[in-house]
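Heads up: the sequence lines are chains A and B, in that order.
Taking the numbering used here as reference, the numbering of the first sequence is continuous, increasing by one, and the terminal residue is 493.
Taking the numbering used here as reference, the numbering of the second sequence is continuous, increasing by one, and the terminal residue is 96.
Treat each hint with caution, since some may be false.
To be verified - A partial selection of chain A residues facing chain B, derived with a Cβ cut-off under 10 Å:
# : residue
1 : Q38
2 : C40
3 : M136
4 : D145
5 : R391
Honestly, the hints are just simulated from the structure, not real lab data.
Ideal Cβ placement from N, Cα and C applies to all residues, glycine included.
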Amino acid sequence: MTTRYELIIGLEVHVQLLTRTKLFCGCSTRFGAPPNTQTCPVCVGMPGVLPVMNRRAFELALKTAVALRCQIAPFTKWDRKQYYYPDLPKGYQISQYDLPFSSDGCLEISDPKGRFERKRVGIIRVHLEEDAGKSMHDEAHGRADSRIDLNRAGVPLLEIVSQPDMRSPLEAKAYLTELKLLLSYLGVSDCNMQEGSLRVDANVNLHVYTPDGHLVPTPIVEIKNMNSFRAVERALAYEAERQFKVWQETGQRLGDVPKQTRGWDDVANITRPQRHKEESSDYRYFPDPDLVPVIVSEAEVEAVRQSLGELPAEMRNRLEVAYNISPYDSDVLVNQGQALVAYFEQVAQQCGDGKLASNWIQQDVLRTLKERTIGIDEYPVSAQRLAELLRAVRAGRVDTMRGREVLARMLDTGRTVDETMAELGIAQLDEAQLMALCKELVAENPKLVADVRAGKLQAAGAFVGQAKRKNPNVNPARVRELVLELIQGQSEG
Amino acid sequence: MSLTREEVEKVSLLGRLRLTEEELALMTAQLGQIVEYVQLLSELNTDDVEPMAHAVELSNVFRDDVLVASYDRAEMLANAPRSDGECYLVPAVLGE
């Protein structure tokens with residue numbers, strides 16, 4: 001029996017906004033400070049305190065929502081989401097319930113390798129809320145207490161909820177990669193997953209197509225605790241198979257059982273059911289009387305739209321057209337960030353060959369950046385110098401292989417192309433010098449000459465090799481031509 | 001009675017209150033009276049009235065993203081029943 005199914009994925013992403021201070025008080029948001037050194041009566045929820053919204057946080061949130069092509073609500077407010085948990089000192093989280101500041105956006109994803117069709121993933125809503133603190137459990141030692149650090153309590157978070165529009169782990173990863181890239185282009189978050197500035201939860205179920213032609217949705221499972229994009233990909237792949245097995249065993253459909261929450265175990269490579277927070281589904285939202293609403297005008301939204309700058313999708317398209325490079329190449333370059341794209345554009349413009357600039361940057365520059373774990377701003381060879389080198393390559397003053405040597409040396413010495421070429425003894429031989437060298441070779445190698453005459457063309461390659469040993473600056477193609485001409489001339493003469 | 005005993009049980013669980021049988025009966029009656037009193041408002045026809053999000057006519061109150069010195073850790077921790085000098089200590093929370 002062949003039952004087919006489709007994997008249905010929606011993602012909920014929390015990103016920490018790049019503000020200096022928390023959402024409702026002036027405490028620092030810096031990561032890594034000693035526990036409980038960045039708190040005050042507001043963020044630990046002392047009675048009588050009043051939260052006041054961080055303007056910068058709202059601006060960054062608005063910028064993100066506009067870039068995600070969301071509708072911006074002209075009127076928005078904040079609500080209290082109430083639950084008991086030791087890392088939530090107020091007993092409620094300030095979040096947004098029925099009037100989030102934005103909704104109905106989208107993000108386009110595609111795969112430069114064409115493994116899935118370009119598609120738009122819908123964004124249900126983007127809202128602004130505060131983070132909770134951190135609980136630490138020393139389960140290994142069976143300690144009786146949990147320790148609570150409230151440094152993170154009150155840090156501004158953007159919650160970005162997608163439609164269940166993704167159909168494979170690959171699409172989910174593409175969505176996350178593109179979202180992260182967009183956020184870093186906008187400068188609204190550093191998206192550091194290790195430090196918790198980007199967190200992903202997934203809602204997953206299956207659409208099973210039964211042999212008798214029905215579509216059956218299975219119960220939705222929420223997956224948490226995925227600490228990298230790779231973990232998301234693997235957790236989703238695991239969950240698809242697990243859910244299909246459960247469907248085959250139980251036949252449970254959407255609505256038959258309550259939504260389950262499972263945690264990804266990165267070591268065991270499986271998801272496990274998580275404990276339910278007791279009564280957690282009853283949050284009893286109500287408008288927070290401590291905060292006043294925010295009204296945003298059309299003009300303000302338009303001003304934000306104007307300020308966005310070029311976003312990754314537009315940039316890819318522009319690079320492809322302006323520099324005649326492939327979608328794959330523009331994707332690699334754009335994914336490296338704005339600074340690298342700017343570098344590429346300078347090199348491409350100054351050397352006059354976009355494809356060549358793209359190849360060298362992808363093969364040589366990116367490799368060095370990776371090896372040295374540095375950014376393009378720390379790369380020792382300026383765009384101008386790399387362009388100069390590529391002009392020399394285009395003009396045939398130096399071949400690609402020796403060009404690489406020149407670049408490698410420039411990396412360490414910081415000298416110019418001409419200086420470096422001189423240091424490496426790279427100077428073009430003129431035609432007369434080249435001819436003299438080839439005559440010498442023909443005279444020294446009667447056996448090779450005989451081979452060439454006998455039609456063994458690989459013998460010509462041996463001449464090129466010898467020529468290079470005599471003088472590394474020879475142009476291999478020209479040596480080949482000259483040698484063949486000389487041999488032909490001998491046999492005719 | 002405008003509130004059932006089950007509703008009061010649920011609310012007390014959500015509020016982490018452990019009520020005795022007598023207290024539960026008392027609360028059901030007393031909370032019920034409050035709810036009944038507030039229900040008087042529903043006699044008003046509010047069909048054409050927009051829901052109010054806030055009691056004061058203010059909007060867009062912001063502060064600048066400027067750092068303010070945090071409180072001393074010892075002073076903050078002193079408000080909790082137990083701490084280890086770095087963190088608040090609470091009864092074990094298992095899992096997420």
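Going through the hints against the structure:
1. Q38: Nearest chain B Cβ about 5 Å off; hint holds.
2. C40: holds (5 Å)
3. M136: holds (7 Å)
4. D145: Holds: closest Cβ of chain B sits about 4 Å from A:D145, inside 10 Å.
5. R391: Interface hint status for A:R391: violated (46 Å vs cutoff 10 Å).
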